[in-house]
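Visitor: So the chains spell out like this:
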Amino acid sequence: MTPPPVLTARDVHKSFRLGSRDIPVLRGIDLELAQGETVALLGASGAGKSTLLHLLGLLDRPTAGEILFDGSRVDDLRGWQRARLRHRQIGFVFQFYHLIPELSAIQNVQLGALMDLGLGAWLGERRAIRERAQALLADVGLADRARHRPNELSGGERQRVAIARALIAEPRVILADEPTGNLDSETAAGVLELLFRINRERSISFFLVTHDAGLAARCDRVVRIRDGRILDGRIPDGRIPDGRIPDDNPAAAAARPADTGS
Amino acid sequence: MVDTPHERGATREPLLPAFAGFLALRFLAVRRINLIGVIGIAVSVSAMIFVISLFAGFISDIRDSVRRVSPDVLVTTLPRDVDFADLDAALTTDDDVVSTAPRLRHYAMYRARGRRRVSSSSASSSRLIVRADEIQLVELIGVDPDREWRTTQLLECVAPFGARTPKDLFRVSPEQVEAWRIEQGLAPSPGLAVGTRPALSLGLYRINVGGLEFAEELSLFSASFREIDGHVELDPESKIVYVGRPFRTEHRVFDQTKALLDIDVLREDLLDYDPSFDPAIVTDVAVRVRDGADPTTVARRLQERLADRFGATCLTWEQQNQVYLDAVDQEQALMKLVLVVVMLVAAFLIYVTLHMLVTQKTREIGVLTALGASPGGVLKLFLFAGGVVATVGCALGVGLGLLAVTYANDLDRWAGAEFGFRLFPASLYALDQLPFHLEPGWVVQVVIGSLSVAALAAWLPARRAARFQPVRALASE
Ligand SMILES: Nc1ncnc2c1ncn2[C@@H]1O[C@H](COP(=O)(O)OP(=O)(O)O)[C@@H](O)[C@H]1O
Ligand SMILES: [Mg+2]
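Chains as they are written, first to last, in my numbering: chain A, 140 to 401; chain B, 731 to 1207.
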């Protein structure tokens, strides 16, 4: 018997209210992410990729449809229960890193382990957590940057810190929203190497939103989103014809005042 | 994985998540503006401790001084020709009445005779030789020294100056009078210096202001109206008395307006009273109530008992000073209002600085949510930040307040000596120093109150933060 997928979207719809109008963004998404699998999500800007990622990460609730984790429904859980699940099972990596500027690199990584720990329990485990954070920083190649603030780090270094932060709570899924979208190609290649190594070593599932055809090609599976629906599943040769994604979502384009860039 | 944390009904989140403490302190540390909230709370807490202690001391002092000049119960508004013996008989039938003392109030003027004398050579006999500023108006209270001593604390406020009996308090010896005359370079008293002389006991304040000296001669003028053959006639009297022992009750108005003397001197020498056939007139009777008896109950009972024959009013010591005590209460209420306003300003500062913090940290709130913070956790983060501001402010405020209470008098004296300027005009209230009275219970109340108000002020922005949509918060720049 095969285990259920880690994450499942079942006929997920999402629309946003804009004044008196409902703008549909997702119109029935069905998707599965198996344990250890890497899936690339492609689509035009404004197609709803980030929206889908947020729904899968339980940051938002679908207008209709269900999100399942390990085969059981989770989108209807209470706020604190979804928060706990997010903390323990799901890691996020964002295009703009989203590090906390007041914290050093190692403190940013530690923060990822403090979300559901009581203050008292933390005082007991402080040293262990700090050592884990230091080990993760070493793993992403930043052992000597632990005490630097985000504004003292380059873009690639910041993204590595963010990846370490996503890893410290030992999630089973990492949702990455254009993780290399803000990096030059050389740096991006390094960050991607890191992500795929983590996938191999820890068998964490990856769901990657990207514009980068090269990145998509290296994933187990590519999923394209258009008109609020999934276009196709597996691409046999793992290649996108010319690596260019046409801006082909009229609904999204109509509702989009300006590119949010995320 | 053993635990399945996304199961419904899993254990609740911690009371204070570690990230809240971890972040709140760092958020505050890099924003000096949060010092405003700390200072606001510190100022408000220290002001409260200072003012509350000052007022508590002030009020207890005032009550003490009021108590000194007020008998347990005062029987007043008596008919004109009442005889003290009858009143006394009626009052002492009550089991709760321990003793009574007659009092007779009367207005008079006095003038120091030894000084500012107009030289007789230059003054023609028809010229006005006494200027208004040389005479003083005074409200005389004639007391029966022995009875007063047994009944009230009033005579304890008179400086003894060698007096052996209560009666001695209101007389000076011929030797003392002659000593004063010699000191002034005056001729010895005309006539033989025999027998004790009647003395007027004046407030220490009045003696200091008037530059009066012990055993100095005073002319005391008074007048009464009497009915002769259907006509009402003015009957002026004057009498030489001597400056007696000063008294000091610390009840400012009393000390400045009253003078004490023997009731017999007042009756016989100033009001032409004839003990053989006039009634022993009084205007009031001081009553001492048995220890443990409630003066209010006794006063009410006495009033009922005296209603038919005398129509008297019986007032407890608090009722006698109602206006004065009410004024102090009102002043205190006003002060408390000011303190509440100060507290609200402090709370508002906390609210504004936290609101700013929440606005600046919108994106971070989204990040924290993505990392697994619940709305409750976000709420606690900002509540904790507010709590830190309030706690540090309270600690500073308590420290400052205690320092101020401890050193206010020293500071005041130092400022007075160094710059000739008093921070607190204690003398205005006839006080030697500021009468602080500090009770730990109030400090605890002030701290609890301030923390509660601050928590409320922090709760509003914290709730706003907790309600942010994480997706929108992440998108904000
Ligand atoms: N919170 C929101 N409120 C209203 N509209 C939104 C919101 N989030 C996204 N949208 C709209 O939904 C569409 C999809 O956005 P998004 O998922 O960010 O696209 P992508 O990541 O594929 O570029 C866009 O048109 C965007 O304007
Ligand atoms: Mg996007």
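None of these hints come from the bench; they were simulated from the model.
Among the hints, a few may not be true.
To give a feel for the contact side, a few chain B residues facing chain A, derived at Cβ under 7 Å [claimed, not checked]:
1) F752
2) V760
3) I763
4) P1200
From the three backbone atoms N, C-alpha and C, an ideal C-beta is built for every residue, glycine too.
Visitor: Each of the hints needs a verdict: does it hold here or not?
Guide: Checked hints:
1. F752: holds, 6 Å
2. V760: Holds - the Cβ of B/V760 comes within 7 Å of chain A, reaching about 5 Å at its closest.
3. I763: Violated: closest Cβ of chain A sits about 14 Å from B/I763, beyond 7 Å.
4. P1200: holds, 5 Å
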